[in-house]
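Residue numbers (our numbering), protein chains in the order written: chain A, -3 to 344; chain B, -3 to 344; chain C, -3 to 344; chain D, -3 to 344.
It should be emphasised that the hints constitute simulated quantities derived from the structure, not laboratory data.
Virtual Cβ for every residue (Gly too), placed ideally from N, Cα, C.
Where hints are given, some of them may not hold.
What the hints assert, rightly or not - These stretches of chain A come out as covered by chain B in the derived footprint (C-beta under 8 Å, 3 or more residues):
1. 44 to 50
2. 99 to 113
3. 331 to 344
Protein chains: 4
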Amino acid sequence: MKEVSIIGASGYTGGEALRLLLSHPEFTVKQVTSERLAGKPVTTVHPNLRGLTELKFSSSAELEPCDVLFIGLPHGKSQSRFEEFSSKAEILCDLGSDFRIPNPERYAEYYGEPHRAPELLPLFTYAVPEVNREQIRSGGHLSGAGCIATCSLTSLYPLFASGIVREQRVFIDAKIGSSASGATPGAASHHPERAGCLRSFKPTAHRHTAELLTYLPEANGLAPEVYLSATATAEVRGILTTAQLFVEASVTEADIWGVYREYYGQEPFVRIVKDRRSMYRYPEPKIVKGTNFIDIGFERESGTDRLVVLGAIDNLVKGSAGNVIQALNIRYGFPERLGLEFAGLHPV
Amino acid sequence: MKEVSIIGASGYTGGEALRLLLSHPEFTVKQVTSERLAGKPVTTVHPNLRGLTELKFSSSAELEPCDVLFIGLPHGKSQSRFEEFSSKAEILCDLGSDFRIPNPERYAEYYGEPHRAPELLPLFTYAVPEVNREQIRSGGHLSGAGCIATCSLTSLYPLFASGIVREQRVFIDAKIGSSASGATPGAASHHPERAGCLRSFKPTAHRHTAELLTYLPEANGLAPEVYLSATATAEVRGILTTAQLFVEASVTEADIWGVYREYYGQEPFVRIVKDRRSMYRYPEPKIVKGTNFIDIGFERESGTDRLVVLGAIDNLVKGSAGNVIQALNIRYGFPERLGLEFAGLHPV
Amino acid sequence: MKEVSIIGASGYTGGEALRLLLSHPEFTVKQVTSERLAGKPVTTVHPNLRGLTELKFSSSAELEPCDVLFIGLPHGKSQSRFEEFSSKAEILCDLGSDFRIPNPERYAEYYGEPHRAPELLPLFTYAVPEVNREQIRSGGHLSGAGCIATCSLTSLYPLFASGIVREQRVFIDAKIGSSASGATPGAASHHPERAGCLRSFKPTAHRHTAELLTYLPEANGLAPEVYLSATATAEVRGILTTAQLFVEASVTEADIWGVYREYYGQEPFVRIVKDRRSMYRYPEPKIVKGTNFIDIGFERESGTDRLVVLGAIDNLVKGSAGNVIQALNIRYGFPERLGLEFAGLHPV
Amino acid sequence: MKEVSIIGASGYTGGEALRLLLSHPEFTVKQVTSERLAGKPVTTVHPNLRGLTELKFSSSAELEPCDVLFIGLPHGKSQSRFEEFSSKAEILCDLGSDFRIPNPERYAEYYGEPHRAPELLPLFTYAVPEVNREQIRSGGHLSGAGCIATCSLTSLYPLFASGIVREQRVFIDAKIGSSASGATPGAASHHPERAGCLRSFKPTAHRHTAELLTYLPEANGLAPEVYLSATATAEVRGILTTAQLFVEASVTEADIWGVYREYYGQEPFVRIVKDRRSMYRYPEPKIVKGTNFIDIGFERESGTDRLVVLGAIDNLVKGSAGNVIQALNIRYGFPERLGLEFAGLHPV
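Whole structure, please, built from the sequences with the hints as guidance.
As structure tokens, then:
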């Protein structure tokens, strides 16, 4: 049994890591920290865990050594407190955005300030198993990916890597639930304002663009150009990305099928969803709620060269804690599905 | 491994039984039937099961012998086809309402027609473990309870059984999600009509009243009087029951706590939810979504003799398939939590 | 044209008063105040008014004389600042709860602190036209009623006043949208927590009980006993109250119809909703969204003495600003529907 | 007073026309038809109109002459029954899609079958006032536009017409509520399936593309290329379109402002929504619910040549009946806002 602790376990991603780790047969949760709630039971803020754990929050000052340390802190904290954290655990799993972008210039461009510890960037592996499995296996700390980036990158990667896309430009419209904005209340997350909304919150310059520019392969020798717009929806969990790109006129849907089969045929959490009929013929985030699946679909427009690619994930699972636990399973040589078997609900 | 088949597995309760049984370590799903979808994969209507099973629907005419047969048919079908079904399996688990009410007169009163096979009624045990564990253990076919009845009965039972209620009258307001009405589309379930609704659909004479009148114990020698009103909400899963009843002026909240501790202290799926502060201080259906928990809360009004009791369940799990699987675990001597460990999500 | 100003116009009830007054042909909005937003356009927080008004918020220190002054301040402020406000306007319309309960002892019991200006209580008229039209017409300042109180009181009043109820006890379950909690964000109104919720927020001792105890008539010589429980729902606007009470066994639905016809036959904003079939056979809050209607329905249980009464309103219109504007129409002798003609949307 | 009748008034667009016309001071509703509901009050299916009208549905066989005839029939019916309808009224207002595309080849391409009466196509004017006001004024029958087309076309038109776009390609992601699919229940609109959904229902080849190809002007001499994907959301009303296009590097946000001011400065129902801060800084469909507004916003990405354009409407009002009534106001010389003054609600 590996011992895991979670720094910043009162938030949504930290809480999701806690939920998943509590039922994982190879991990035992040792400590969970929250400065604000130190001494209180975790069920104070994670009511779903009632009856399942007696864990209480500690202060991070009381952190003891462990095998794996999850970090669920606000942006910027991990780069400042790296030494403190890395002295406690062999593997850090950062759920935040401090170590996702290896290039400090690109980081500065998208985050609006220089990285404070660029020398640490090479110590982290970007934890998206479908595109980075071998690096994950071989070592280093793990950086969870951005939720929109995970969904877009995983659904688009084979198309770029295989060279089947004709242009380097991709247009992504991401629809995302409110849990992605975290557990801290604010005006925009006040229920009467957010309920029923379709709110463009980042039409341009979304930070996750930086991850896509980094990890999407070149398309026919050209660096990818990523045009991302993000819309907040009234759901709590879930991301749907709708990507538009261009292929040669001769490319058929069977060709696209072939690419996905080649790249993802063995992936335990990728499902290609493409029915002829039925209302479930494309990926839908509500079907993957609570699961580590990414459902991917596509449609080749007849009469044009357009290909539309759809990706659906649960932003807190495949888009955050679940993906990192999958990466840990890979690292430790555990079965990759371990602790991530939940099938999802229907209807829901 | 016990072999289980499911008659009528294309509906929501049958589908939920399928989801739970597929991941239960002591059951193997043998056949699932749907006349309409015979030959088609179950994922046609249960998209959450993609990648998890290759099962296809059969016609019920092809049903083979098995250990346990779940029946998820529309009201009235089980009583007509009992012989056909009981010849195939040792234990029938009826998710419908044909065998919930042992008294044929009461059945006729609430269902508006005479029972067609009253001689079969004694063969079924009402599968609410918290109030009926010993009968469940000892044998007979199992009848799943009504979802509103399960939530009300389980939350109120100890108060009646202990004699702490002063009056035999209880006023129940049940709020319920749309999945309880089943998978067949209709005008009232058309999304533009049902979305955002708070719709009184059965202010009086709700059929589940009959179960409460049957299984609630007498209160101080008086038969219970149950006044139930049911309201449809915009959620998909979940029931919240708000019950009002009266206790002696001297009864304190500590007394109520004592009663629940006595009756339910060892129950694996009952959680008494009563925090002093916090927004999670009472039971809430969204916290138990996908789980087999029933969360129960209460508040004693100061200045009056009123006690308010709250119950929250997932209507498809604790309110249907999950409760029956718990009963099967009891019958077969499996650990009671087996296959029902899902913790629920937060936020959701 | 009467000049109206609004103190505290940045909140939801103040904003709703503003919306309605801007399109009312007999009122002109002179000033709207907000200390926090002084100098900013009202559209900063009321985006629906874009293009319809150039009004900016003032500080209340700049308040000029006007005919009518609406007060949309947090609880407790109106009683402290009465002199300041009453020196500016002939008629005060308090949307808060400071002047709803004429009896200071009852006020103290339900609000947990003594009223600071009990001598002012007789200066205010409780602005529920259906039960108080003559007092409203004859003078005094106006106190808007509590939203749950408005819905319950208006739907139950004729039954108590006519003597048709047998017992003085009434059991009310109120379901209410998130806008009733106001515009200030907090943990319980954070979207991921509140979305999809059915949350018992005040099972006992709800403050609006005090209004019902005050304004419901005696039932056959007995003071009413009101047992109110309130549940927060995932909707933004709307209240549904489900009330259970008892009538003599001989009372028929036709008798109930008769009572409502007698009391409310001429009411411009009361609709008795009781269809034989159809999904719209009972009142539903989403149908009255944005309107000043109260839809009232009922069902007499066969086999018991129970009567269930349903009321549906928009908490910000009939439950607050709209009702007060209706009262102003009465006071000034304007047509009672003036400025309140919006029909409501369907589907919505 | 002009007399208006509505063919097919039981559906959502016909019902919305009815709602708006009932409160329009220059129109009187003469007859409303529904074969299925002939003889029944309109409130049977439009419960919001209770107390506001005594109208009953007639059969279309009983249709009498009138000034204006609205047609709210399923696709294909108007082209077959044109003579019947045009013999009754001077102006036909077709809310369906039969007469939106003047080019029969394009019609056939997108609708999958030849137009049955191409000779009638020139008799209809496309009723989008912002792009077609003069043609609307001058005569002909009126064809309401597709809801997604209205939102996209109106928000993009000035950019194409002014020549400020650099490329002819535009990428549109449309998010749309469930009322756009009409009042007929089906599997995909069954509440448990549609609630909480983000469902790609037409990733390619959406029919409204044909309208955009027809009515968007050339961009620098090149015919527009429109790449539209449509996603169903869990809302009932509302469309948000997110369009991505390219401008010269030198084009600033001030330039874009200038274009919109030039084209739409006098438009009564266009609001350019672009705040620096605040959660309402971009257009949002829930703010325009029930109104005839189209809110338009935009953002110029720094570092790329991308421009993102946002449009928000209520699909049943500006996206259907409201826009046509605005066109009728133009035709008859009524004030353009007449009968369409509703401000919208907030919060909602």
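Here's how the hints hold up against the structure:
no.	hint	in the structure
1	44 to 50	holds (count 5)
2	99 to 113	violated (count 0)
3	331 to 344	holds (count 8)
The earlier numbered hint that this structure contradicts is number 2, and it is the only one.
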